[in-house]
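Trainee: Just so you know, the protein sequences line up as chains A and B, in that order.
Numbering-wise, my numbering puts 23 at position 20 of the first sequence, and it's gapless, one number per residue.
Numbering-wise, my numbering puts 29 at position 21 of the second sequence, and it's gapless, one number per residue.
Read the hints as simulated data drawn from the structure, not as lab findings.
Treat each hint with caution, since some may be false.
[Unchecked claim] Sample of chain A residues facing chain B (criterion: CB under 8 Å; computed from the structure):
(1) 101
(2) 103
(3) 177
(4) 180
(5) 333
(6) 335
(7) 337
(8) 352
(9) 369
(10) 407
(11) 408
[As the list claims (entries may be wrong)] Some, not all, of what chain A presents toward chain B, calculated at C-beta under 8 Å:
(12) 61
(13) 332
(14) 349
(15) 350
(16) 354
(17) 367
(18) 371
The structure presented is a predicted model; accordingly, all values stated were derived computationally and were not measured.
We put the CB at the ideal spot given by N, CA and C, even for glycine.
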Amino acid sequence: MNKAVILVGGPSRATRFRPLSMNMPQPLFPVGGKPIIWHQVNALSKTPGLKEIILLGFFEEHVFQNFIDQCTDEFPRIVFRYLREYSVLGTAGGLFHFRDLILHGNTQNIFLLYTDICSSFPLEELLEKHIASQKMGTIMVTKVPRTEASRYGCVVSDKEGNTALHYVEKPQTYVSDLASTGVYIFTSKVFSYMAEIIDEKSKLRDSISSKGFDGESDLSIDYLRLEQDVLQKMAVDKELAIYKTKGFWRQIKSAASAVPANAEYLIQAQSQKQSFIATPTRRTSIQSIEPNQGPIIVGAVYIHPSAVIDNSAKIGPNVSIHAHVSVGAGARIKNSIVLDHTVVKDNSAILNAIVGWRGKIGRWSRVEGNPIDDASNNVEQVTSSGTKINSICILGQETTVNDEVFVRNSIVLPYKEISSDQHNEIIM
Amino acid sequence: MKALILVGGFGTRLRPLTLSIPKPLVEFANKPMILHQIEALVKVGVTDVVLAVNYKPEVMASVLKKYEEKFGITITFSVEEEPLGTAGPLALAAHILGKDNDPFFVLNADVTCDYPFKQMLEFHNAHGAEGTILATKVEEPSKYGVIVTEENSPKIKCFVEKPIEFVGNRINAGIYLFNPAILSRIQLRPTSIEKEIFPEMADDEQLYTFDLEGYWMDVGQPKDFIAGTCLYLSNLAKTQPELLTNPATSSFVNGGNVLVHPTAKIGSGCKIGPNVTIGPNVVIGDGVRLSKCVIMEDVVVKSFAFVRNSIVGWHSTVGSWSRLDGITVLGDDVHINDEIYVNGASVLPHKSISANVTEPRIVM
Chain A
4 MNKAVILVGG PSRATRFRPL SMNMPQPLFP VGGKPIIWHQ VNALSKTPGL
54 KEIILLGFFE EHVFQNFIDQ CTDEFPRIVF RYLREYSVLG TAGGLFHFRD
104 LILHGNTQNI FLLYTDICSS FPLEELLEKH IASQKMGTIM VTKVPRTEAS
154 RYGCVVSDKE GNTALHYVEK PQTYVSDLAS TGVYIFTSKV FSYMAEIIDE
204 KSKLRDSISS KGFDGESDLS IDYLRLEQDV LQKMAVDKEL AIYKTKGFWR
254 QIKSAASAVP ANAEYLIQAQ SQKQSFIATP TRRTSIQSIE PNQGPIIVGA
304 VYIHPSAVID NSAKIGPNVS IHAHVSVGAG ARIKNSIVLD HTVVKDNSAI
354 LNAIVGWRGK IGRWSRVEGN PIDDASNNVE QVTSSGTKIN SICILGQETT
404 VNDEVFVRNS IVLPYKEISS DQHNEIIM
Chain B
9 MKALILVGGF GTRLRPLTLS IPKPLVEFAN KPMILHQIEA LVKVGVTDVV
59 LAVNYKPEVM ASVLKKYEEK FGITITFSVE EEPLGTAGPL ALAAHILGKD
109 NDPFFVLNAD VTCDYPFKQM LEFHNAHGAE GTILATKVEE PSKYGVIVTE
159 ENSPKIKCFV EKPIEFVGNR INAGIYLFNP AILSRIQLRP TSIEKEIFPE
209 MADDEQLYTF DLEGYWMDVG QPKDFIAGTC LYLSNLAKTQ PELLTNPATS
259 SFVNGGNVLV HPTAKIGSGC KIGPNVTIGP NVVIGDGVRL SKCVIMEDVV
309 VKSFAFVRNS IVGWHSTVGS WSRLDGITVL GDDVHINDEI YVNGASVLPH
359 KSISANVTEP RIVM
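Bound conformation, chain B alone (with noise of 0.2 Å):
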């Protein structure tokens, strides 16, 4: 099988932690983003993996050939001269999509969930349609476009955007799976999957909606990376509660949903959690308060700081009695001098902060 990642640009709303790797590359939970929904792909006997994608950096490169030898798979890139918004890329890469009968899956590179392609599979081959969108149920649909389905049917019967009146709260998750039979349906041109190509498809019958069960979010901006690590993390207490540090035995895990990498150390007198992700070779020294947090590899945070609802990039260092909050997101390299107060800001890599933020604000 096949499957087809839209990575798009430089990831310039993760910034700045996209200024030091690509975006795909980030990790979530300890794991790069795009390892999450290859691992899943795998899992379901997807071979071919497509990567659409502006640019190509080297390192994604060479990070990505060690996958294809892990899995047994094959990356390609197919790299965009120019956007081709969410329904050229099918196009350009039609030629690995098209190759055989089987349908392919297509996935928006910032979402997060526990993809359940599996089921979708199933549900797809039952329907026999050209199309299957997974679909996630939300609180306020009026910011969205939400999928109005035939009544007692998972056929789509329209899309509305924005809805002022209440017509469901099924949106798009941004996860399909197709049929190579859309493959005619799209030129190599900037085109809009869900204005373009969806409305036209559902018009012919040709679409129907899977929902999914549990958590679902795009993670592409600081907030909601925050966000969706906490919902990744609750999910994974439900599903796999082995894989995270389990309080009965670390003293430190407050409230649970935490993820400690094993090479990291941790200092004496701490309290980690809830929704905490260490990363390999950080060093937590004594005291320490974290909650709601991202601490990537290499950190040191050092004795008596307190994090909470921050992302600490690779390389840096919090210090002793240093206080980050208000999502603030450290890059690469960063260090937050003794004492300093730093909240809602977005640090640029290899700055040093000896005063303090007390506004959101980029530091340049």
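So here's chain A without its partners, still in its complex pose (with noise of 0.2 Å):
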């Protein structure tokens, strides 16, 4: 019997979501179409033998109660639960502070997932990989370019690229292009062996104190960083194995990061023929609408049943347009996220951007951020004031744009008007 842990953070971790997570915590944000951590639950939920999902995290604990019931429903086979983390123990302390939680019903093997990261999630090779390994742990592990390994955790494989000789976090000169992803599996034996490890902390602790070091001190009894202090020592002793994934693989930290984000998850869903993905149309001109025809929709794109859209609109691709969000006519929208109770009046444009919560979108306005280069995980710049803001053009909750109005690559803070273009500042 499997169960898997997702590591939600809590409401002061997620300030790079800004100002999307001013309104909603960054893991029930939406990316194709569903919430963030909805893409680990559904593939969690695939791999054999798994009986329950805990959330684990710092927010309050009706945060989580809506999606855990729909979680409920969709997924029958899975008990869900939320744990609040109440001190901060370190990405590894809170999970072996409810070890017993965990343990309980025999459990035999535990995945461990972050949730600001967007992946094909192929848990189930992991899962396979990780018994024929018979190794503690195995690490999820992606090829990075060179010249970007210094941002992850970084994995020095074996010849075979079966096992981990040596584990760094963001090095600051090259070491591996292996990076972590931030999805782990562990055998239940794990928690002795943090036991152990929290173990030789404290003595090495006393042993400062004992020094005559005096002090605040991070060396907190039950504080444990499960990268450097854990899966360090694993590599080291030889029981942390490899599983390379070839599926695609995304960080999902800064607001922008959860456009490319929605487009890997539309995308696969296309490809996998899931009903929600909207129809392409064949017809490619808007000079030959026809009536009850529906917009012209290009590549993948989510349309929420509720929203209503004009058949002289353009969507797509790479868009994701959500409940009750109404759209006008001879309107564009390409590689965006348009949320809940948005309004986009007739001929403006949305491009490379996320329109906020009950946003209003002007006649001929236009809201343009920069596309994200496919290759490459940076979604920021920093503009000629010296300002590092996102690419993608973000606006917050209740968002006005005016009429002929442009903003471009700018983050609009929650309920503004914007009655004059604006092109690369942060409006407060």
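Put the two chains together into one complex, using the hints given.
Mentor: Written out as structure tokens, the structure is:
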């Protein structure tokens, strides 16, 4: 019997996901038409022997209640549970704190996933590889460009590519181009292994105190970091197996990175012929509009059934349009996420952008960001004024863009009315 | 009567438009710039027009041939071997300008206004001196050469170049009326009429100024070409509103001052104006927004495009959901792909633009 833990973080963690995290916890933000963590849950549900999924984080209990209720309906054979961390114990410390609950019922393997990633999540293969390896843990890795390796946890593999020889978190110099994806699986033995590490750390702390060091120390008794404290040692002990994914993988750190993640999931859903993806229209010309034909759909597009789209609008590729959105005549939406209850008026264009809940996009207005380079996870750029802003244009909740106004490469915090053109600005 | 129009050189300031046709033939409010002046001159009885040019393009000769026939006038090219400044061309054309004793007009080709030739002529004949300078009033005289007159008189006392202290706000509008007697003051060599001839005439008490009522603009560069179009259309709305597109019958007109050529086609759901000119055979798609812009002949603006503060040159295409702004000038036969943003670009003829141009630059 297997269980899974998804590390959902907390409200103070997702500052990079502002301004979208101001209105919704990042794990519940929709990409590919579903909350970010739904994709993890969905992939986990397909692995054999999975009985329970635990969301572990610092949010208040009620935050995930709706999501858990919906998942319970959708995946009836799995038990869902939210566990709240009250003190900061580190990424592995929280896990260790709840070890009895996690192990309860004779748990054999524990999946561990971070929330802020988007992936094809080939978890069945990860499980197979893990069982075959007979190691304590297996880390899913992906190959990244050499120049970007320093932004990730890097894994040095043996020649066969089966076992980790070395793990290092965000190395300053080049160590390996195999990056940790934030997806792991461990056997139940991992908890006694953690207990040993905590024990050693407390001995070390005692010896430091006895030598006369005083004051604050981050070596709290149960504080345990997954990467530096556990994985690093596991690699040294030859107990960390490697599973290299060839599927897509991206981080969802900044709000802007939700757009390429949205695209990945929509393209995946389209290739799997999932029913919620809109059918691309054959006609490509906007001149041949016929009644009741629906808008022009290009590429992978998700449109919520309650959204109303004018026939002369052109949508896609890589667009999610959420509940109760209305899109007027001659509107163009491409590579964007348009959230619930937004009104997109006639002849406007939304390109490479996220429009927050209840947005109002005026006639002939234009909301446009820079498209993100496919090969890179790098979604940030430095503007001429020196501010680092995301290249995707992001409008926070209830942003009003007046008629004919252009908002380009900007981030707008919630409840603002934009009445003149904005380029490369953060609008407070 | 006679008139000399100072056309000058290649009109480089109005590129990329003037890479395709000579500046005098660039359509201002759907009519070649020079035709505005010729028509106004013909109205007051001018029969001899001299064009002072540095070069003589064939296309101009053939177009002007048509005007000669249409108006029953003679148009002569006076081609300078070397640039002669603003006064030298008068000496070069002295055999025409001085063939009788009637006064003659001199016009800078770049200037647009509601040419008050008739009133100027009456004024000129009344004061009897050698020259009359049309003057326009400006808000910031410190940027120009200012005309100083004698107290309570239109007689010019002197000129002050870029005055620091306020001495008046009348500036030279680049339009003059002279008696042939002026020709004896000018040699056939490069000479500035403003700096070398006028001060001498003022000293001799032979120069008067006549105030221009209404708009005035030097339209020699794109920014001013657009601004001048706005002024021209505003004036048309006051003087000959029947020439503009009627907002009562054309629902797409927004804010007035819209001039649409009868052969142009406008789609549904458009919002056009204020201050827009649309040339012959232009096709505007559905849901297009145009304001403060010039759309030249044979242009196609596809559905849901947005054009503001820009000039779209002949035979160009503007794609769906594209956005032109910030004094963008498209030369002849330029194609802007769908969904492209172009800000302040000058695009040379026959280019296709398939990526955003976010900052003003020249696209070669």
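Trainee: Using 8 Å as the Cβ threshold, decide whether residue 367/A counts as touching chain B.
Mentor: holds, 4 Å
Trainee: Does residue 408/A hold up as a contact with chain B if the rule is Cβ-Cβ below 8 Å?
Mentor: At about 11 Å, which exceeds the 8 Å cut-off, the nearest Cβ of chain B leaves the hint on residue 408/A violated.
Trainee: Would the stated hint for residue 332/A survive a check requiring a Cβ distance to chain B of less than 8 Å?
Mentor: holds, 6 Å
Trainee: Would the hint on residue 180/A stand, with a C-beta cut-off of 8 Å toward chain B?
Mentor: violated, 31 Å
Trainee: Hold the hint about residue 349/A up to the distance rule: shortest CB distance to chain B must be less than 8 Å.
Mentor: Since the shortest Cβ distance to chain B is 6 Å, the answer is holds.
Trainee: Restraint: residue 369/A near chain B, CB-CB cut 8 Å. Satisfied or not?
Mentor: holds, 6 Å
Trainee: At a threshold of 8 Å, is the proposed contact between residue 350/A and chain B supported by beta-carbon distances?
Mentor: With Cβ-Cβ at 4 Å, under 8 Å, it holds.
Trainee: Is the shortest C-beta separation between residue 337/A and chain B less than 8 Å?
Mentor: holds, 7 Å
Trainee: Against chain B, with CB atoms and a cut of 8 Å, does the hint on residue 177/A hold up?
Mentor: Hint violated; residue 177/A Cβ to chain B Cβ min 33 Å, cut 8 Å.
Trainee: Let's test the interface hint: is any C-beta of chain B closer than 8 Å to that of residue 333/A?
Mentor: holds, 4 Å
Trainee: Taking the closest Cβ pair, is residue 335/A under 8 Å from chain B?
Mentor: holds, 4 Å
Trainee: Restraint: residue 371/A near chain B, CB-CB cut 8 Å. Satisfied or not?
Mentor: With a closest approach of 7 Å, the residue 371/A hint holds.
In this structure, the earlier hints numbered 1, 2, 3, 4, 11, 12 are contradicted, and the remaining ones agree with it.
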